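K.L.:
Given next are the chains, with one letter for each unit.
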Amino acid sequence: MCTKIGEVVEANTISFAAQSYELHQAPPFGSLVRASDGEADIFGLVYSVVTASIDTGRRPIARGRDEQDEEDIYRNNPQLPKLLRTDFDSLIVGFRQAGTVRQYLPPRPPRLHGFVYLSGNAEIVEFTQSLDFLNTIVSCSLGAPLDELAAACVRLAEEARGGDYSFRVAAGRELAMLLSTNQQRLKAILRRIRQ
Amino acid sequence: MNADRFFAIDDGPGGTSRQLGIVVSGSLTEGLEVRLASGVSVEDMAVGRYVTIEGKRQCFFGMVTDIRLETTDKQMVGNPPDVSDSFVADVIEGTSTFALLHVLPMLTIPRGAAAQLRNEGPQPVKTIPAHYSRVHEASEEDVSAVFGAEDSSHYFIGTPLDMETKVCLNLERFVERSSGIFGKSGTGKTFLTRILLIGMVQKSKAVSLVFDMHNEYGWKGSWEGHGDGVKGLKQLFGQKVAVFTLDEESSRRRQVQTDHVVEIGYDQIEPEDIEMLKEPLMLSPRAMDAVHALVKHFGERHWLEEFLKLEAKDRDELAEEIDPASGTLRALSMSLSRLKRLPFLTAHARQDCLKAILEYLDRGTNVVLEFGRYQDLTAYVLVANVLTRRLHEHYVERKEKAMGDKAQEPRPLVIAIEEAHKFLNPEVSRQTIFGTIAREMRKYNVTLLVIDQRPSGIDDEIMSQIGTRITCLLDDERDVDSVLMGVSGKNELKSVLAKLETKQQALIFGHAVPMPVVVRTRDYGTAESYREFGFREAAEIHTLVNEDLKLWDR
Chain A
1 MCTKIGEVVE
11 ANTISFAAQS
21 YELHQAPPFG
31 SLVRASDGEA
41 DIFGLVYSVV
51 TASIDTGRRP
61 IARGRDEQDE
71 EDIYRNNPQL
81 PKLLRTDFDS
91 LIVGFRQAGT
101 VRQYLPPRPP
111 RLHGFVYLSG
121 NAEIVEFTQS
131 LDFLNTIVSC
141 SLGAPLDELA
151 AACVRLAEEA
161 RGGDYSFRVA
171 AGRELAMLLS
181 TNQQRLKAIL
191 RRIRQ
Chain B
196 MNADRFFAID
206 DGPGGTSRQL
216 GIVVSGSLTE
226 GLEVRLASGV
236 SVEDMAVGRY
246 VTIEGKRQCF
256 FGMVTDIRLE
266 TTDKQMVGNP
276 PDVSDSFVAD
286 VIEGTSTFAL
296 LHVLPMLTIP
306 RGAAAQLRNE
316 GPQPVKTIPA
326 HYSRVHEASE
336 EDVSAVFGAE
346 DSSHYFIGTP
356 LDMETKVCLN
366 LERFVERSSG
376 IFGKSGTGKT
386 FLTRILLIGM
396 VQKSKAVSLV
406 FDMHNEYGWK
416 GSWEGHGDGV
426 KGLKQLFGQK
436 VAVFTLDEES
446 SRRRQVQTDH
456 VVEIGYDQIE
466 PEDIEMLKEP
476 LMLSPRAMDA
486 VHALVKHFGE
496 RHWLEEFLKL
506 EAKDRDELAE
516 EIDPASGTLR
526 ALSMSLSRLK
536 RLPFLTAHAR
546 QDCLKAILEY
556 LDRGTNVVLE
566 FGRYQDLTAY
576 VLVANVLTRR
586 LHEHYVERKE
596 KAMGDKAQEP
606 RPLVIAIEEA
616 HKFLNPEVSR
626 QTIFGTIARE
636 MRKYNVTLLV
646 IDQRPSGIDD
656 EIMSQIGTRI
666 TCLLDDERDV
676 DSVLMGVSGK
686 NELKSVLAKL
696 ETKQQALIFG
706 HAVPMPVVVR
716 TRDYGTAESY
726 REFGFREAAE
736 IHTLVNEDLK
746 LWDR
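Chains as they are written, first to last, in the working numbering: chain A, 1 to 195; chain B, 196 to 749.
Quick caveat, the hints were computed from the structure, so don't treat them as lab data.
Small disclaimer: the values here were computed from a predicted structure and weren't measured.
Quick reminder that beta carbons are idealized off the backbone N, C-alpha and C, glycines included.
Among the clues, some could well be false.
Unchecked claim - Some chain B residues close to chain A (C-beta under 7 Å, calculated; not the full set):
(1) I262
(2) E265
(3) T267
(4) M271
(5) V272
(6) P276
(7) S279
(8) F282
(9) D285
(10) I287
(11) T290
(12) S291
Please model the complete structure; the sequences and the hints are all you need to start from.
P.N.:
Structure below.
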């Protein structure tokens, strides 16, 4: 079951940014999201979540000195959800065209204001039939914690498969082949996959 | 990569044999490196095992000669991952850490209808398969395609390690050239020889003459740990085998049915025979000169008899005449008088045993000559040399006659000798008849089957003439080098040879097999094994005869 969670607000060939419809309700780090360029469904992995003021020049100020509870701040300042926003960035890892999933970059990035959906288990399983997307993660040069991202998406995909150990091992082996000459990095990722 | 299929291991064409891995590098001379597929345990591999490699146009047949562990990142050696964690262990096995098989390609098996039409068998390898060709465990069919099924010329000698397929020797080729059975003491040389002799009795056109130093082949042989011993050739094949003995009394005590008692006359002993005894009789070069002088003096046929008859006074007179300078004759007389202690040596043999041997051999009967109690080297070397020298003369003469009349062609003869290094060591091999036979007697239909535990003692020149070598475990470096001399892939075979078990395992290579092969030799000594050789107990034959008679009566 896929859930609509936001809207594309910035896009380029390798990643896109989306604004979450709900403040503080961004999809989890490493989760699979789907946007569209009008023809193809474009899949991304959430690698960064930011919540900040809608006006980049004005930083939010602390308001809770006299409040007992954090929730009271929002209750007593109902304008806050309108002045703040939660954005998330996704690394593009593949797309689906004419029913076929391909794990390489799509011809075009997603359209701005296109809806972003959080993939359900069935879609995660469909997308992770192949493990080529792990190559996109470990070899990209974004300023993101890529090793954490690889580990997080493997964990989530394993969960979506009902805790399938053989999938975890298969993903680990794919990573071992990709990082065959960098054992330190492999070890770090494996430790994070194991939880 | 498809995650669900990650662990699936390909079953190979037809699903008969398991895929082991892929070729990753290598050369024709040094062999191929095969990366073991994940999911195949390195502990399931063994040196000496056969593999097939699927090339594009032909299939390659090779042998695993080494197994090595590798890592993709050298850091893993100094800083190993935590394999107590089963997840980490499952991930790195076959990916970051893997095993390499060293495979020596030996043969190519042509594929396709055209090759089948030409009826092409396995050919020696002249090229190697391309990168990443798939490597499979050789199936039973592959092995039998290479080593042939049992037929009129192929003889079942044993099974490959971990397989039930039969490995067969081409006996026609085996007897074409001299061959050798090597191995240190207690590794089963005698059993192997018995099996081979049976093969020759059953399937070969050749006959054999066995100089049986320890009375192992004729009637009954010993079997360590089995008091009853094993049946010899005569018990199994009756009329096809004749047992000759040098020691009638010993044979009678052992209840051996002998066909002939061998006596050797002094008149049959020539200086060359004495030359062979230099070591056991401790003869100096001067003593040998004196022997030649005696031959000149008394004549070729009577020198030994006359010399041994001489009294001390007469001998001294003779010494004055032919060897005035030293006391060599006295020393020679003392040495040669040791021959008097051998009862089978007489002044004149009552019967010419060579004639008897030849009669049997001509009829296609194999001859085993038992030495009874005379198991010291002096007797063995002397008798083997005297008889073989005369056999040689006879064969040369007959072969020459056969050039004019094909019907006179002598039957191929295989002479089996033990302790072969005593006859074929570099010092004597040029002079003895055995050296001559090993070098050139193939042309005269005589070859040797040498049985030895110290192959390094055999002259290199002779060793290079040995067509088929069968070797059990050897652990002396020089012996191993000597056996493997002149063989391609020597270093690889060395590692295979060193890993043989001490019993019932042998490496066979050379003229009679298409490629080197390690076999577990077939059983010998149990009732079942005798049946496999075609032997039937008297009671069983009796029952069969009775059944036939009943059928006849109906």
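K.L.:
Could you run down the list of hints and mark each one as holding or not?
P.N.:
Results of checking the hints against the structure:
Checking I262/B against chain A by beta carbon gives a least distance of about 21 Å; that is not within 7 Å, so the hint is violated. Violation of the interface hint for E265/B is found here, the shortest Cβ-Cβ separation to chain A being roughly 11 Å, above the 7 Å cut-off. With its C-beta approaching chain A no nearer than about 4 Å, T267/B sits inside the 7 Å limit, and its interface hint holds. Proximity of M271/B to chain A holds as hinted, the smallest CB-CB distance being about 5 Å (cut-off 7 Å).
The beta carbon of V272/B is not positioned within 7 Å of any beta carbon in chain A (closest approach about 10 Å), and the interface hint is therefore violated. At its closest, the beta carbon of P276/B sits 6 Å from a beta carbon of chain A; the interface hint therefore holds under the 7 Å criterion. At a threshold of 7 Å, the smallest CB-CB gap from S279/B to chain A is about 12 Å, leaving the interface hint violated. Given hint, F282/B at the interface with chain A, holds; its Cβ is 5 Å from that chain's nearest Cβ, closer than 7 Å.
Look at D285/B: its Cβ gets to within about 5 Å of chain A, closer than 7 Å, so that hint holds up. At a threshold of 7 Å, the smallest CB-CB gap from I287/B to chain A is about 6 Å, leaving the interface hint in force. Against a cut-off of 7 Å between C-beta atoms, the interface hint on T290/B holds, since the closest Cβ of chain A lies about 4 Å away. With its C-beta approaching chain A no nearer than about 5 Å, S291/B sits inside the 7 Å limit, and its interface hint holds.
Checked against the numbered hints given earlier, this structure breaks hints 1, 2, 5, 7; the rest are met.
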